[in-house]
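K.L.:
Once you've looked at the hints, dock chain B with the ligand against the given chain A.
Here are the chains, one letter per residue:
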Amino acid sequence: MQITGLPLHRLHQKRLGGEITTLQIVQAYLERIKAVDKELGAFLYVNGESSLVQAEAVDKKLARGGKIGTLEGMPIAVKDNFNTRGIPTTCASKILKDYVAPYESTVTRKLIENGYILIGKTNMDEFAMGSSNENSAFWPAKNPWDLERVPGGSSGGSAVAVAANLAAGAIGSDTGGSIRQPASFTNIVGFKPTYGRVSRWGMVAFASSLDQAGPMTQDVEDAALILKAISGHDELDATSLKVEVPDYLRSLNQPVKSMKLGIIKNLDLESCDSQVVDIYKESINFYQKQGVELVEIEIPNLEHVVATYYIIGPCEASSNLGRYDGIRYGLRSDAKALKDLYEESRDLGFGNEVKIRILLGTFALSAGYYDAYYLKAQKIQNIIRHQFKEAFRQVDAIACPVTTTPAFKLGERINDPLKMYLSDIFSIPPNLAGLPALSIPAGITKNNLPVGLQLIGDHLQEGKLFQLAHFFEQNHPIEKPKLMI
Amino acid sequence: MDFEPVIGLEVHAQLATHSKIFCRCSTEFGKEPNHNTCPVCLGLPGALPVINRRAVEFAVMLGLATNCEIRLDSQFARKNYFYPDLPKSYQISQFDRPLCEHGWVDIEVKGETKRIGITRIHMEEDAGKLIHEGEDPNASYVDLNRAGIPLVEIVSEPDIRTSEEAKAYMEKIHSIVTYLEICNGDMEKGNLRCDANVSIRPNDKAPFGTRTETKNLNSFRHVQACIDYEIGRQIDVTLDGGKIIQQTRLWDANKKQSKAMRDKEDSHDYRYFPCPDLPVVDIDQNLIISLREKLPELPDDKKARFQEDYSLGHYDASVLVVSKEMANYFEETVKNGATAKTASNWITGDLSRFLNETKTSITESKVTPERLTGLIKLIEDGTISGKIAKSVFETMFETGKEALEIVENQGLKQVSDETQLREICDEIVRASPSQVQEYKAGKQKVFGFFVGQAMKQTKGQANPQVINQILKELLS
Ligand SMILES: [Zn+2]
Numbered sequence: 001m002q003i004t005g006l007p008l009h010r011l012h013q014k015r016l017g018g019e020i021t022t023l024q025i026v027q028a029y030l031e032r033i034k035a036v037d038k039e040l041g042a043f044l045y046v047n048g049e050s051s052l053v054q055a056e057a058v059d060k061k062l063a064r065g066g067k068i069g070t071l072e073g074m075p076i077a078v079k080d081n082f083n084t085r086g087i088p089t090t091c092a093s094k095i096l097k098d099y100v101a102p103y104e105s106t107v108t109r110k111l112i113e114n115g116y117i118l119i120g121k122t123n124m125d126e127f128a129m130g131s132s133n134e135n136s137a138f139w140p141a142k143n144p145w146d147l148e149r150v151p152g153g154s155s156g157g158s159a160v161a162v163a164a165n166l167a168a169g170a171i172g173s174d175t176g177g178s179i180r181q182p183a184s185f186t187n188i189v190g191f192k193p194t195y196g197r198v199s200r201w202g203m204v205a206f207a208s209s210l211d212q213a214g215p216m217t218q219d220v221e222d223a224a225l226i227l228k229a230i231s232g233h234d235e236l237d238a239t240s241l242k243v244e245v246p247d248y249l250r251s252l253n254q255p256v257k258s259m260k261l262g263i264i265k266n267l268d269l270e271s272c273d274s275q276v277v278d279i280y281k282e283s284i285n286f287y288q289k290q291g292v293e294l295v296e297i298e299i300p301n302l303e304h305v306v307a308t309y310y311i312i313g314p315c316e317a318s319s320n321l322g323r324y325d326g327i328r329y330g331l332r333s334d335a336k337a338l339k340d341l342y343e344e345s346r347d348l349g350f351g352n353e354v355k356i357r358i359l360l361g362t363f364a365l366s367a368g369y370y371d372a373y374y375l376k377a378q379k380i381q382n383i384i385r386h387q388f389k390e391a392f393r394q395v396d397a398i399a400c401p402v403t404t405t406p407a408f409k410l411g412e413r414i415n416d417p418l419k420m421y422l423s424d425i426f427s428i429p430p431n432l433a434g435l436p437a438l439s440i441p442a443g444i445t446k447n448n449l450p451v452g453l454q455l456i457g458d459h460l461q462e463g464k465l466f467q468l469a470h471f472f473e474q475n476h477p478i479e480k481p482k483l484m485i
Numbered sequence: 486m487d488f489e490p491v492i493g494l495e496v497h498a499q500l501a502t503h504s505k506i507f508c509r510c511s512t513e514f515g516k517e518p519n520h521n522t523c524p525v526c527l528g529l530p531g532a533l534p535v536i537n538r539r540a541v542e543f544a545v546m547l548g549l550a551t552n553c554e555i556r557l558d559s560q561f562a563r564k565n566y567f568y569p570d571l572p573k574s575y576q577i578s579q580f581d582r583p584l585c586e587h588g589w590v591d592i593e594v595k596g597e598t599k600r601i602g603i604t605r606i607h608m609e610e611d612a613g614k615l616i617h618e619g620e621d622p623n624a625s626y627v628d629l630n631r632a633g634i635p636l637v638e639i640v641s642e643p644d645i646r647t648s649e650e651a652k653a654y655m656e657k658i659h660s661i662v663t664y665l666e667i668c669n670g671d672m673e674k675g676n677l678r679c680d681a682n683v684s685i686r687p688n689d690k691a692p693f694g695t696r697t698e699t700k701n702l703n704s705f706r707h708v709q710a711c712i713d714y715e716i717g718r719q720i721d722v723t724l725d726g727g728k729i730i731q732q733t734r735l736w737d738a739n740k741k742q743s744k745a746m747r748d749k750e751d752s753h754d755y756r757y758f759p760c761p762d763l764p765v766v767d768i769d770q771n772l773i774i775s776l777r778e779k780l781p782e783l784p785d786d787k788k789a790r791f792q793e794d795y796s797l798g799h800y801d802a803s804v805l806v807v808s809k810e811m812a813n814y815f816e817e818t819v820k821n822g823a824t825a826k827t828a829s830n831w832i833t834g835d836l837s838r839f840l841n842e843t844k845t846s847i848t849e850s851k852v853t854p855e856r857l858t859g860l861i862k863l864i865e866d867g868t869i870s871g872k873i874a875k876s877v878f879e880t881m882f883e884t885g886k887e888a889l890e891i892v893e894n895q896g897l898k899q900v901s902d903e904t905q906l907r908e909i910c911d912e913i914v915r916a917s918p919s920q921v922q923e924y925k926a927g928k929q930k931v932f933g934f935f936v937g938q939a940m941k942q943t944k945g946q947a948n949p950q951v952i953n954q955i956l957k958e959l960l961s
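Which chain is which? The protein sequence lines are A and B, in order. If you're matching positions, the first sequence starts at 1 in our numbering and goes up one per residue. If you're matching positions, the second sequence starts at 486 in our numbering and goes up one per residue.
Just so you know, these hints were derived from the structure itself, not from any lab. Incorrect hints may have been included.
[What the hints assert, rightly or not] Among the chain A residues that face chain B by a calculated CB cut under 10 Å, a handful are:
| no. | residue |
| --- | --- |
| 1 | T89 |
| 2 | Y99 |
| 3 | N320 |
| 4 | Y324 |
| 5 | K336 |
| 6 | L338 |
| 7 | D340 |
| 8 | Y342 |
| 9 | T362 |
| 10 | G368 |
| 11 | Q378 |
For every residue, glycine included, the Cβ atom is placed at its ideal position computed from N, Cα and C.
Isolated chain A, as found in the complex (with noise of 0.2 Å):
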């Protein structure tokens, strides 16, 4: 019987109908880790015998009579930017390679809650800095499509967990694209909320003003499940919002004709994949047959994203990283003079990327050049910010590409950064502007390449997002490409 693979409320619908077991659910995904995980890299750490230990927990909660929620007893995946508290949590850094997390997250306290099982912990790149989880100090994390090309990044390994069958969903992290990205390369649902819809309590920190966790998941309904489960308001992240967090789950099969779905007028196509923009063209033709109204929309600025996420980010990055410094946890070097320490244990303890988004923090930061950079790169937020706001006065949703090309090929793009960087090109803007997005599997290249959709939705309208995900997901099949391994 099929176990891995399938949607997690799908897996609970079979366990609640006496079909399987939580324990044959989390020993399937074990088995397939150890089968082919040494071969795609996307764990960092593996949760084995205590991840047994809760399924038959729950598998006798349920003997009892009692009554189990979706989430109890699933083994989920976690990024390694959560504080799993007990369980060590690298950031896929050297310089945290041997720290253990002392305290929890929100996200997986809340998960917790809902007794899920933590299967592992995810590869990802060094600090969620990247696109292609290359920059991972450990190993990089494959594509299962294509194992010679990457899974994106930064949260990599949780995507290719999700992907490549390893875990019944997953949790990420996304500073400037960093679940929507992967989960395009690797034909999952990859959903940023709202900034401040979820807690960063515990989360480790990249850019803070644009970081957001979200679910990773195999569909649609799986991530609306989740994202319920870790939103919501929290007293240790003062960024948090204090709203209610709506049922998702209603908005799935809320009927999206008459919606109107905005399409940017100044998209700029010409640097995409040719590929990529004939599926984005006719997954948008899809909503228009659909009775989905096209509204031509403007943001203006849009050219300026990139520039703009490369200031702020590598700003408040270069200030949340002065903290790994060798003197409280992390690595240490063994030098004696107080300033060879910081130097030494820095320089071995952060990759180049890292070191390259310290710097250009440090610079842009510095006196004489912060209102040129920093303080110029938040007037053009402000502005993205606005014409954001303009638009969602005429739709219930923006749709675009999530990234210019589909999955490349590991190190392709090592040396050439600024390729790197400008293909985050429209997964940006959402974390600029705060706004919720996603990305969900819209079609297959002739390479057997999964590309994405984004939807991009007003502020705190994920409802809007999951309801025409769910449509789309539900009424346009695509055909799922072929696992390599």
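P.N.:
Okay, now just chain B with the ligand, sitting in the frame of chain A:
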């Protein structure tokens, strides 16, 4: 050549909240190292700050008490630098949008009132503490109990011109924060400390000279001594044809001199930027109104009231209101029936002296306002003389006994009985014929001899007025 010093002070005051500024850890002093810590104040990966609203209220109260404008959308900023006592490698402080701005306080030096401008008051977190002794003599240890304790930094305008003014300003700030009960004001524990910016210029029309900043002055005396030292040093350098360089200096209280810590060229670039973890500090007008209503009577108002209600002189009133406790003590004493002027004399005189000598706070004094009133009443109704009262007070201060009890037990009551005193005086006059002769020959001074003898024989308890009267009669 004359120089005019130009001085500005930056005073740091620890706010007396129960918990830290961005986490719920206790602020209790004296716990074992790193006891009062959590992921936030340890700067662990993923931890986030949340503002302590009480600390904000305290800072707003201070702003109101110092006539500042309160910003309704003030913002926290990160001040980035590396140091082992700074766990996040940035201090959360305020930069271009401080909570309070454009205020002032009045100080008084040599009877003259002067207004000192307050540029800004901002909130920030304290850093931890490095400890250089421990198991390993080559190691330094970090104690983060203090990290995250709320501070306000009060930055004055460069309106101060002398070290006395600087001291008076610091004392005034101390008075205000302790009146407001937002700071314990214990300078030895570092509750209140100050950095002094000093420059000199040839005259009061000239542009400001290059300034130096001396760090971490933690007593009123140090502030004054350090500024005097720095003014002298700058004058010497200038007269020798040298140039003052902009630098940070460190005061050595033992040597009573400062030394350069770093020059401007090696000063940090703190790379301030708005802290993305903390939203703008929302303050609404209602909060300001309610805090303003709750403000206690402040030193200046109290002084004016004391002069008015108790007919006290300007000086007495100023001294009494320096601390709220002393002012309360005074009012309590008067309420119990003591004359205001007499009470003021005792409190600012003997009581203050004894308290200082024994390092006792006025609230812990064994001579309570009730007991002081008892003593004053005994003087005023003639039971004891002023001179005896001083020794009675000393016993009271040591033992905590009532004045009357001491006077009765030791038989210190003043003798005013004329018959009894006349007998004593008769005896003295009879026994001192030569002195009588001298006096009668016009040597007025000898009168003192007779009074002295009379006091000696009565152990000082004789009523001096009665004695004078009798002796004059006998010798005429
Ligand atoms: Zn704490």
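K.L.:
Against this structure, judge whether each hint is valid.
P.N.:
How the hints compare with the structure:
no.	hint	verdict
1	T89	holds, 7 Å
2	Y99	holds, 7 Å
3	N320	holds, 9 Å
4	Y324	holds, 8 Å
5	K336	holds, 8 Å
6	L338	holds, 7 Å
7	D340	violated, 12 Å
8	Y342	holds, 6 Å
9	T362	holds, 7 Å
10	G368	holds, 9 Å
11	Q378	holds, 8 Å
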